[in-house]
Every structure is written in C-alpha cells, then in structure tokens.
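Q: So the chains spell out like this:
Protein chains: 2
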Amino acid sequence: MQYDMIVRHARVFDSFRKCFVSKDVAIQNGVFAHIADHIDAVAAKELDASDTWMIPGLVDIHMHIESSMSIPSRFSDCVMQYGVTSVVADPHEMANVFGMEGILTYLSNEETSLDIFYGIPSSVPSTNEHLETTGGCIDAQDVAQLLRYPRVVCLGEVMNFHDVCYEPNSISAQIIKTCKKERFDLPLEGHCPKISGEQLDAFLAAGISADHTQQSKASVLEKVSKGMFLEIQRKSMTPEVMQTLIDHELYEYFAFVSDDVMADALCQGHLNRLVQLAIQMGMKPEWAIYCSTFTSARRMHLEDRGAIVPGRIADFILLSDLQQFTIQSVYKRGIHVQDLPKAKEMKFPAHFYHSLHCEKANAQDFTIAAQGEQALCNIMEIEAHSTFTKHIQEWVDVRQGNLHWQQNYTLACVMERYGKRGTKAFGFVKGAFHSRGAIATSWAHDHHNILILGTHEEDMALAQQTLLEMQGGYVVVRNGTVTARVYLEIGGIVSGAEISVLGAQLAQAKAEIEELGYVHDNVIMSISTLSLPVSPQLKLTDRGLIMTKEQRLIPLVEEWR
Amino acid sequence: MQYDMIVRHARVFDSFRKCFVSKDVAIQNGVFAHIADHIDAVAAKELDASDTWMIPGLVDIHMHIESSMSIPSRFSDCVMQYGVTSVVADPHEMANVFGMEGILTYLSNEETSLDIFYGIPSSVPSTNEHLETTGGCIDAQDVAQLLRYPRVVCLGEVMNFHDVCYEPNSISAQIIKTCKKERFDLPLEGHCPKISGEQLDAFLAAGISADHTQQSKASVLEKVSKGMFLEIQRKSMTPEVMQTLIDHELYEYFAFVSDDVMADALCQGHLNRLVQLAIQMGMKPEWAIYCSTFTSARRMHLEDRGAIVPGRIADFILLSDLQQFTIQSVYKRGIHVQDLPKAKEMKFPAHFYHSLHCEKANAQDFTIAAQGEQALCNIMEIEAHSTFTKHIQEWVDVRQGNLHWQQNYTLACVMERYGKRGTKAFGFVKGAFHSRGAIATSWAHDHHNILILGTHEEDMALAQQTLLEMQGGYVVVRNGTVTARVYLEIGGIVSGAEISVLGAQLAQAKAEIEELGYVHDNVIMSISTLSLPVSPQLKLTDRGLIMTKEQRLIPLVEEWR
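Order-wise, the sequence lines are chains C and H.
Position one of the first sequence corresponds to residue 239 (our numbering), numbered consecutively onward.
Position one of the second sequence corresponds to residue 239 (our numbering), numbered consecutively onward.
Careful: at least some of the hints might be erroneous.
No copy labels: a pair is met if it fits in one copy or bridges any two.
[What the hints assert, rightly or not] Below, computed lysine-lysine pairings styled on DSS-like, alpha-carbon distance capped at 30 Å:
(1) 256 <-> 455
(2) 668 <-> 628
(3) 419 <-> 582
(4) 585 <-> 419
No lab work stands behind these hints: they were computed from the structure.
My request is simple: use the sequences and hints to build the entire structure.
A: Here it is in structure tokens:
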C-alpha cells in the first residue's frame, strides 16, 4: 500500500479512550487512511513526530468572522497557524448591512483552505424597524433558501426569547418553524443569558438546543440537565464554571468557542488560547482537546472531522508541549499550513465599497436646542467590565438655548447610513471621554449605522467627515487632529487588508481612545455596543434612546425646568 | 400556563447527569414543555407517577421490520408496549423482492404511531446477478432519489468490504460516493464482522462509521478507538463484551439494537429485553438506558428525542422496577399507547400479493440424474449455534441413475421465483432432518427465491405446491401431510396479520421443523440463511452452490467414480 504521507511515532490522541498512544498514522487523499503501532508501507512523505503530541485540528462552532473585522479569505490565512481548521461562522454583521446578498457573497466563496461552515443569522434586525434601521433583514423565506446550501449547518444564535416563546407569528418563530420543516435535524443555536426555569424550558421547547452566552455554575447545571449544549467562550471560563464542568464531567455536553476575536487579539491566537487556558485552569488536556474538537464537530454533525481515526479529514496539530499546549505545526487535509496556497482575494460587488450614504456633518449638527434652565435627561452610564450600560437620570444645564452636555458628558450620536430615512438621534454618556476629542465608526452593533462619540463638536464633525471619506471603519480625533484610522471599507464593517495590518490599526485606535479617557476591558466592544438595542440597559440607535428590556423608545429629555 | 398533561413526582431520568431526580414533567403538543421540582400549573390530565421511574422511549437504530415477517403498521401496533417508540428500519428484504417500489411503499406510509425512520438498503442484491436472482436491485441513482426523503436518516449496513475498499466503480462504492455528495453528514452504517487492522481502516476510510455485527473484546476496543460506533445486538452481549463496555466506560460510543426479532419472539418483547439483560449482566441501569435512548438518537441525528428534557418529543416509559426494568406503561408523544388509534391497514399494490412466479413442482423435479457408482459432492454441514455452514466433501452413492442423497442427507433446492430465469439448483445438507418430511419457504435470504428442504421427494413437492397456493410463507410437511403454515402473502416475505396470529403460526412451524429433527438455536434463521451467498461457508442460491468467501459457484458434484 502506498500512502501520501506517514506521520511516525507521534503520541496520537485517541478521542474515544481519552489518552495518547504512540502510533504511525498514514494519510491518503487528505483523509486519515490507516493507524497502527507500526505501518509497514512507504509514503511520498514521511514525518518523524516522535517528540510531539498529535491532536485533531480545532473546530470552532460558534464564531463571527466579522468580529475580527476581516473577510473569510484573510481570516483563513491567519487562523490555521493556531490549529483552527474548521469553523462554523454566523455572518450576522454582513446580514445586517447587506441582507441576503451579504450572506450569499460569503456562501459563494469556497476558496479558503480553512473549512468555513455557516450558521444562518436568525435575528436580523436584532429588534425591528421601529427601533433601528438596518441595511438588510432576514425572514423565514430567506432562511428556507439558505437551508439548501450544504455548508449551512445550523441556525445561528436565536436571541429574541419573547418572540420565540410567545409570539408564534413573529419572524423568529417563523424562522424556527421553517428550519424544523426543511431540515428537522438542523441544530438550532440560542442566545439566552440569565434565563432559567420555566422561561428556559419554553425556549428549549421551541427547539433551541444550545447557548453560548456567559454561564454560572447554576446555569451550567440547569442547562446541561435540560439537554442544552453549552458553547463555552472566554467570558464563561471563570474558576467556578470550569470547576463545575470538571467536577460533573460534563465533557460530552459542551465545546469551547471563540465567538468574537478582534483583529489585534487574532495576532496572538484564537481558539487555541482557550484550550491553553482550560488546561491552566485545571482541566486535563485530554478533555480540553476533546471539547474543542470532538464534541464540537459532533454538535454540528460534522462527523467527518474532530478525531484522528481512519475516514476522517486529516486536519491535525503537532504539539511540542502538551501541558502548555504549544503548537509546533498544523496540517490541513494532510498539508502543512505553511505550504497551503494563500486564499484567493475575495471579490465583492462594487456597491459593497460605497455603503455609507450620509451627508457630511458640521459642528452645528451636534448642538441640541433646549428650553428653560435645566433638563432632566436619560443618560447611559458605562460599566467598565461589561457591555451593559446603566440607565440614570440627571439634570443638565441649558446654556444659550442649547443643552450644555459638554459639562459632564460625552455626546453620542447615531446617524442612519443606508440612505433610507436620514434619521439621527442623540444620547449622553457618562464615564466615556475626559479630554477633547471624538470617535466615529460604522462598526456599531447590530445595525452598523454611524456612531459618533465626542466631547467637542468640531472634533465630532471631523471624525464623521473622515469616516465618510474612508467609507467605513473607526476614526479617532484628539484635539482637532485625526490620530487613528481603522479602514473597514467593505460594507463599513470589514477590511480586505491582512490581519496583521488591520490588527495594528486597531491597536492604535484602541490606544488613542484610551488616551481620550475611555476606561474599559474592551473599549471597541464597549463603544460599538452602545448602539445595540438588545443589550441592557439603555442604548442608542438612529431611532432614539431605547430601554432595551422593555424594547421601547424614551426621549433624551424627560422633563424641563 | 396550561399544559396538556403533567406527570407528577416521578423519578425522572436525567440523561446528562445519569441519575434519577424526583420531578414534575409537563407536556404540551406532544413535547416535553417544562420540568421542575414542582409545577404550579393545571393540566387537562394529571398523572401521579410517584412509584415509578420515568425514562425516555427506547430508540432502536438498527433493525429490520421484515425480520418479524410483519409490516410497519402491525409492527407499530405491537412494539410500543415494550417501550420502543422510534426505530430506524432497513427495508432490505422488501428491496430484494420489489426494489425501489418496495422501499417507496414503506416510505409513503406515514400513518404509524411508532416513528419509523429508514436506512437505505445498500447491498441489494447481496452479491450480483451471476450468483443470485433477485426481484429488485438498488443502485446509486436509486439512492440519490431516496436521500431526498427526510425520513431516510442513514445508509443501511454496507456489507461488501472488498468492493467498498478496492473497487471504486462498484455499486457499493458509487452508493457511498452519492451519499457523501448529497448529504455529507449522513451516517453510513456498516456490517464488518471479523475485519480488523488495515482492512478495518480501509473500510472506515471509505466513510463507514458503524458496525452492528458480533463483537469480541478486541474488536470493541479496536473499533471504538478508530471512531466506529457500535450497535450491540443480542449476540454481542457476551460477558466478555459487556465487561469491556463497562470497564472502559464506552457509553458514548455504542447503542443497543434489536437487528432481527421474529414474530414469535416479538410476542415476548423487543429492545426492552436487551436493556433488561444488560442490567442483569452488571451494567448500571442508568447506562443501559442511556445507550438505548440517548446515544442511539444522537448517532442518527434524531436529537428531537432520546431524553426527557424540554423541547424533545414526549415519548416515555414508566418503570415499576428499575433493576428488573419492568414496564408499567408507555407514552408516545404524551399519549398512553393503549389510547393510541391502531395503525391504518396498509395498502400494497395488487401484484405484491401475487409475487411467486414459478411452476408447481412434482416429485420427479427433486431427482438428480447421475453417472457411475459414486459422486464426490460438495455438502453444506449445518452448525447448530450459528448461521454459518461448514463446507465438506463426501461420496454419495448412485442408484438407478440418480444420486441417492436420501441415504444421509437432506436435499436443498432453490427455485427462482421472479419469473426471470426459471433457474433451479440443488445442494445437500448434513445435519438437517432425520425423518420424512419437507419444508418450503419464500423467506430465503436475501433474494427470497423458493427454498425447499426435504428428505422425501413427494413431501418436497407438496410443500412447494402448498407454498405457491399461499403465495408465500413457510410450509412444513411431515409424512405426506402439511402440518404447519406461516402465511407471508405480501411479497412472499411478510404478513398482514396481527403479530400474535403470525407469532403463533411461526411457533407452530418451528415446532414442526424440530419434529423433523432439525437442531439449531434458531431453526428459521438457520434454514433461511442456507440461501444467503454472503454468509460463510457454502450456500445455495438459484444459480447454484456458492463458496461465499471466494464469491464463486462450485458444482454439486466434484468428481464421479
């Protein structure tokens, strides 16, 4: 028998018995073909791997490529060095900007070395047209069309708990119904933080069977007991949650996932860092690997990968240190990732590069006319460790007929950018900037209208103007000068640049934003979710300030005096 | 909240933590809707289950309804009392007799209470037209058509190891290719007894990922380590195999399956008996239940069932004794099975009832002309504990120009019954009958031609004539009198009668066959596999005697003297 490649003497991970066994592994046509103590055959390529641990390629089943502000081809070229060889991506942001056209552009691009499967974005828009203006929306008919693509392997995170459970005619409920009808075995993914008891049961009873939001010990035990598959992302990896997973041996029922990794973080690693962290936190390497390869693949019915056994795709990692999870090399379908061709440059329709349809602003556009002497305002207070805001009310002075927000607040403004309504709304933010400057961005969840934050009207206008010239991205202005630019020229949300270039731009922008005084664990995420109308407590869209739990608009000024 | 039904105070099986917890369980629209310590709500029906253990309905993922010689509607009415609420059936026999028409007839019948999913028969015929004549055959195009049915959930047991691994243009290889292309996540089921090492790897590398044949300790460990899902049927449940499954905690990687249960055995139980036996053999009830519900459903991607959690179908069993696995009652989609309507009578095309196209035989048809004084014959010797035969050669006397087989043997004759070729072949059987009589049957694997066995030509002719009048079944003749009849009037292989009626007929036939001196653990299976050209060692079809390993015909008479 002649094989393409034989990896000899590696300590090979047996996913089924959760141990490493010294074996020879033969590969043929990109698939593991034969595994034995010693393979008495020749191969075009022989690899002595006696100092290594050989494990399956990592499978990331809940993530958004757009979170890296990058495109599939660039993402593919970057991520495989970290051992990530398959992902299930939910192109939620592209769908908000371009609707079906955005999703189909991704689905039609099959030329990445990384295997990219897709979840269908299920909540586009995140609320409805009365609360936010988006470029596209996805309804049940669109879902039926997308279900015909073999690379579509799940319904992406369903968020709208109320509609799913109690509004059978809602878009969310109709989408679920369509999935069950068209592909009854399709995994339906959920997003249900802080829901438990009868409410959780109603969500599950609707057919949703996974959750990737932040967990606690109690939520882990309840959700697993109720059959919910858990996708554990970084923020869920608390000592308490990790210990619960370990103590109760819940390894069959969860997988590690990356969810959102920004371009700058992506220069350091990806899902491999979570596996590393899990081991550091006391999980046996065998189990941490199992839950980022085998259970992941099984959850998505990708049973052609996720283990080193005959018949599965020959995606694998050679580790030089198991306990440290140090990656020596990565192979995709039996080919060293450094020998893989770079992904072809992705082509997008011309209008994807000209998608910010909005007038240039001037300083006067950021004044807010007022009456009387003071106004009781609804204000967003930033929380430094979460993407939630606190809703507070404070009296703001009126000076020369305008609200004098400059005194204590940063002004937030969202301008509709799809050329649909031209709507614009203001909000005040407490705990943002402390010195003169502004940022403008089209990376504003989920609708991706233009969000401008600033302490000075001229700087806000400059930031917005610069952003329009760039047709998308992040702009930081300090003391009247543009000090950072992140170019997101495709749909205003993603970049065609290499990850390293993009990562450097992003790092620069973050540093400049922090110079303005913004204090947060993740400044970009904090800012870009100020506009997300499903994230507690008070948020701002182009339609106005929204009490997100109640899903209703409230005015900026509650009362004059 | 108003529910359809609440089961109160049951010890409910938590599939995920493998324990029983006292809970209230609410059901709505046939689905588990809410589970809690106490449900403070009303329901149309309340059930106090405080003395019981509540477990999911059993899921049987490898079985053939035709093995019960019954039809789906009758099978459904019978089997749910044993807690079996979902099956994946491989209609292999119907396919051999009627080809696609047989399978589609089953697929179009959706009116059973039992949820019947289907595997596509992958080896029809079991060999090829040179070695056996069948009514139908299934090729890759047929498979492509069948894959469009949502109730088709797997490719049924692929048997032909050689073709799969080494003949890319063979029908088996083409069928697998079609499956991968059309539904890449479809489970491909295998049949690979006694294959290991590089051969097993080649079988797995072709994409097959399960095996249901008889296992040993070594085969269990090798196959599981290589990612093969094991379907454990009765004959695999040896102390050695059970202990291996238990010691190595392989619970995620196997399921109990019934495979073949005949009508008379079906009057006693079904998959429930294997669960019972597993517990008796030392497996913890929690694990035995897990491996006949949860892992079973998961293997087939039937994740809408197999556990008592919100969102899954409300199929459940109440046990009055856990250790004995004593079933008190069974519910299908929340309805007590005794309250379910009986399945509608299944309609088959008229020609399904007239499918034995063959001339009536007379005694002279069973004489074999000879020359010389003796003939060295190839003979099938029956093994009392398996369906294998031993190939022996013995000298048979010639008397009055005919072989005098009556001396020491039972004569076997297979007559083609599809009106295609009119072929007929003889073989001698050692260890069959010891007194005067005969049997005739159209239940002759896999081709289901007419198999006649006898010690007396007149009785053989009578048996064959009677069988033709019945248009299928089993006929036993003792001393010139018909003493038992099993009516299998549909395709000559299955009966429209109730299981109890059919079971009684079958029990009678078995007793009569044993009266003729046939000694075997399973006389019906032993006889009906005498004609199976893929089961070792020497078998007989309408084309002649076949050395099954070599897949070649050999003559009855090797040498004259």
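Q: Could you place residue 668 and residue 628 in one of the four classes (within, between, both, neither) given a Cα distance threshold of 30 Å?
A: within (9 Å within a copy, 88 Å between copies)
Q: My question is about residue 256 and residue 455: at a cut-off of 30 Å on alpha-carbon distance, are they close within one copy, between copies, both, or neither?
A: both (25 Å within a copy, 18 Å between copies)
Q: 30 Å Cα cut-off: does residue 585 pair with residue 419 within a copy, between copies, both or neither?
A: This pair counts as between: shortest inter-copy Cα distance 27 Å, intra-copy 34 Å.
Q: Evaluate residue 419 and residue 582 at a C-alpha cut-off of 30 Å and name the case that applies: within, between, both or neither.
A: Answer is between; shortest inter-copy Cα gap is 24 Å, intra-copy 36 Å.
Consistency with the previously given hints is maintained throughout, with no hint failing.
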